[in-house]
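Enquirer: So you can see what is in the structure, the chains are spelled out below.
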Amino acid sequence: MKKHYGPFILLGVLIAFPLVVSDSYYRHLMILVLMWVAIGSGWNLIAGYTGQVSFGDAAFFGTGAYAAGLLTVKLGVSSWWGLGLGGLMAIAVAFPFGWVCFRLRGAYFALATLALNEVMRHIATIWESLTGGMVGVLITPSFVSKVPYYYIALAIAALSITTIHTVVNSRWGYYFISIREDQDTAESIGINTHYYKMISLCLAAFLTGLAGSLYMNYMGFIDPQVVFSLHDISIMAILVGIVGGVSTVYGPAMGAFIMVAVSEVFRTGGFGLLDSVAKATGQPWIIIVTNYIKEAHVLSFGLLVIIVILFLPNGVVGDWEKLKRSILSRRTIPT
Amino acid sequence: MDVFIQTLVAGILKGGLYALIGLGMTLIMGVMGIINLAHGQMMMVAMYVTFVLFHYFGIDPYLALPISMPCLFLLGVFIQKVLLNPLMKVESILPENQVLMTVGIGMVLTEVARFIFSSNYQSVRTSYSTATFFIGNISFSVAMCLAFVAAILFTVALFWFLLKTDLGRSIRAVSQDGEAALLMGIDAERIKIITMGIGASLVAAAGTMLMPIYYLFPDIGGPFTRKAFVITILGGLGSTVGAIFGGITLGLAEALGATYIGMEYEDMIGLIMFLLVLLFLPGGFKRLTKV
Amino acid sequence: MAYFEVNNVFKRFGGVAAVNGLTLHVEQGQIFGLIGPNGSGKTTIFNLINGYFPVDKGAIFFEGKQISGLKTHQISRRGIGRTFQIVKPLKRMTTFENILTSAFLRTATRREAEDLAEETIDFCGLNPHREKLAQALPIASRKRLEIARALATKPKLLLLDETAAGLNPSELEEAVTLIKKVRDSGVTVIIVEHIMKVIMTISDRILAVNMGRAIVEGSPTEVASHPDVISAYLGEDYRAQG
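Residue numbers (my numbering), protein chains in the order written: chain A, 2 to 336; chain B, 428 to 718; chain C, 14 to 255.
Calculated from the structure, these hints are not laboratory results.
Please note that a few of the clues may not be correct.
Restraint-style ranges between C-beta atoms, simulated for each label pair [to be verified]:
hint, chain 1, residue 1, chain 2, residue 2, range
1, B, Q603, C, R25, 17 to 27 Å
2, A, L131, B, D646, 35 to 45 Å
3, C, G179, A, E296, 50 to 60 Å
4, A, L30, B, D593, 53 to 63 Å
5, C, F26, B, G595, 26 to 36 Å
6, B, R596, A, K295, 46 to 56 Å
7, A, L274, B, H482, 36 to 46 Å
Just so it is clear, the structure is predicted and the values come from calculations on it, not from any experiment.
Using N, Cα and C, we set each Cβ at its ideal position, and we do this for glycine too.
My request is simple: use the sequences and hints to build the entire structure.
Expert: Pasting the structure below:
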């Protein structure tokens with residue numbers, strides 16, 4: 002029972018969230034979480050289900066963001082039109098890339114995505130007449146309140162989860178997984194692996210591009226370093242995917258929540274807790290530690306990558322049984 | 428014409444160092460079957476070791492080689508033993524988790540360096556840093572030439588090691604067929620640990636020799652990792668001779684690009700070459716020699 | 014023109030000629046055995062038919078149409094299924110999901126695919142292993158799963174690559190029964206096999222190959238008694254004794 006109603010209860014809670022919580026900081030965090038749900042779902046589709054690991058999701062994210070931003074700046078069209086356009090532009094990047102690069106297998110494909118990430122960032126930096134180069138793109142946000150953004154982000158996140166859920170239970174899903182498990186076998190049972198990898202990549206790129214244009218609209222400012230960032234976007238996308246659970250429908254949602262929380266904890270020094278401890282005690286070393294921790298979010302990402310791959314390779318959702326066992330192992334479980 | 432020759436010279440000299448970077452990467456690629464995306468970051472660590480030795484102890488960068496290389500050897504051993512070898516036993520849905528692990532390692536190395544040394548640019552300025560000599564109208568940087576010669580020496584030493592010593596033969600055996608080597612009684616895990624150590628110390632040599640003429644900051648690792656994988660792909664994965672050609676090709680391409688297209692395209696040129704080679708010459712230059 | 018035809022096909026790997034001007038004809042409804050010593054090119058022939066490798070020279074025809082040059086998945090779509098000598102199950106899927114995945118090829122809806130998968134599982138006797146992950150299956154069942162997965166694509170021609178290797182005598186018996194059942198259901202079979210007992214009992218025709226070319230073709234008894242086959246297989250000594 003719980004299994005069937007869980008998602009709807011969750012959706013209900015999320016719809017009610019901004020009505021209950023009026024603190025704009027927490028609303029902001031939730032918008033980020035929902036955005037990452039979309040990116041993580043996209044990554045999970047191409048890497049987790051289809052087994053084609055992408056190290057360059059920022060290429061799609063950034064393309065989506067620039068599509069939305071430039072539409073407003075250059076053509077004066079409302080950047081909300083850019084939402085759809087962002088997704089489509091990401092496909093426009095993904096399609097030729099996949100077309101040529103899917104003949105590469107395994108780690109070489111991963112390297113190619115990494116190269117795509119870098120190439121896109123260079124293009125955005127060098128093509129100043131279009132993108133404004135290092136200066137970036139600035140637009141005036143449509144809303145002052147965070148609530149409209151919240152609901153749009155929620156819609157995008159829900160769309161992502163629904164897409165993944167539908168896809169993995171259909172013929173496509175089985176085809177994707179068979180490509181991950183054994184490409185030769187997949188071909189031998191009549192699956193056009195190149196074609197299905199393209200579908201998976203384009204779907205993933207669309208969701209990621211959508212998230213990118215949401216980011217543009219919400220933040221109002223982007224530059225190549227931010228939206229084509231290897232660490233803050235591409236690696237974060239991988240972490241969201243793995244921490245939550247590779248190849249699970251709700252894994253990226255869990256992962257997005259955990260990862261946004263983790264990076265906030267570091268960025269703010271335990272939500273300002275350390276600052277107040279430092280003030281209260283007046284100990285200079287605590288202040289120093291606090292400052293270090295605030296700067297440590299990339300380090301924490303790196304450490305997380307290492308720890309998660311070693312100990313939790315299938316994520317919180319995927320390794321749930323293992324987690325439960327290791328937590329409960331000290332107690333006797335009545336059976 | 429002079430400009431052209433000058434560019435070629437600069438490119439080839441730089442290519443010698445790149446070859447050294449590529450050799451370490453290729454060795455790791457051959458034995459472990461993975462792409463080490465922390466390679467440039469390891470080089471960055473070696474550069475900081477050199478920097479510290481010069482700045483606090485007054486040790487000349489070239490004399491720092493016997494210190495920086497063993498340091499990096501140990502770092503490589505640690506990484507392989509503690510982080511990469513245990514990964515073989517982890518059951519994971521996601522393929523490429525080893526490559527991802529090296530990305531994580533690279534991030535940690537960079538950030539730790541940032542903690543210790545901050546993001547500021549550092550450099551090692553020696554008396555010969557800017558020294559040049561001329562042949563005709565073409566200028567040669569003394570430090571670059573020394574680095575080039577040293578790179579050749581290291582390469583020769585590596586080949587001697589791989590071809591003539593038992594350990595070297597074991598490494599080649601694992602690289603050709605890990606399972607068969609295992610059956611022949613070679614301890615593959617140990618070989619992997621040693622190989623990672625050697626790969627790390629080769630890139631350390633490159634980093635240390637680059638110090639007199641280059642600058643240093645924590646994020647320098649990323650670009651060099653990218654260069655390393657471009658070189659490896661250019662040369663044909665796992666091919667040691669290929670890595671040398673790959674290194675020199677990249678050096679030349681960057682130099683020519685910087686002279687005739689523009690400095691800001693330097694990084695792009697490597698990446699575009701990488702994509703082109705992946706697509707049109709899978710197997711790299713190795714493919715051309717073995718028809 | 015025969016139902017299935019390999020016409021003067023060549024394939025080289027580096028300097029080695031793996032398949033060297035091979036020709037073979039298979040009639041519809043036969044079990045066609047392919048025998049030969051290790052490294053004689055049997056699996057390579059399958060990989061050429063299957064489109065895994067392109068042929069260097071020559072052509073392959075199925076139902077009167079050329080299939081060489083097509084991609085693997087297109088050939089599968091034309092109605093040629095195969096198993097792998099070294100089994101390649103979709104490891105982290107259950108037996109049922111493995112078969113369901115290939116059942117999608119000939120069905121329009123998931124419902125139909127599930128029905129076809131059920132049918133195939135029954136046909137191959139894999140019911141006890143239905144919900145097990147493919148990586149957890151014992152070897153005999155994995156071999157069976159290879160066949161089931163190929164059958165779910167509703168092939169007209171099935172290529173079986175050493176499906177009997179590594180099985181114990183009772184499992185062998187079951188494998189032979191299954192292969193005959195497949196033939197009786199109207200599927201033409203080409204089988205590569207090392208175990209003489211198996212191939213001699215089930216084949217309608219046998220082709221012996223060595224060094225990538227055909228030596229003899231005939232009925233099992235004809236082939237088994239042919240001196241070239243005996244010497245290729247068992248060496249000159251055995252021939253002298255016999």
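Enquirer: Could you run down the list of hints and mark each one as holding or not?
Expert: These are the hints, each one checked on the structure:
1. B:Q603 - C:R25: 17 to 27 Å: holds, 22 Å
2. A:L131 - B:D646: 35 to 45 Å: The hint (35 to 45 Å, Cβ to Cβ) is violated, given that L131 of chain A and D646 of chain B are roughly 26 Å apart.
3. C:G179 - A:E296: 50 to 60 Å: holds, 58 Å
4. A:L30 - B:D593: 53 to 63 Å: holds, 58 Å
5. C:F26 - B:G595: 26 to 36 Å: Hint holds: Cβ distance 29 Å, inside 26 to 36 Å.
6. B:R596 - A:K295: 46 to 56 Å: holds, 51 Å
7. A:L274 - B:H482: 36 to 46 Å: holds, 38 Å
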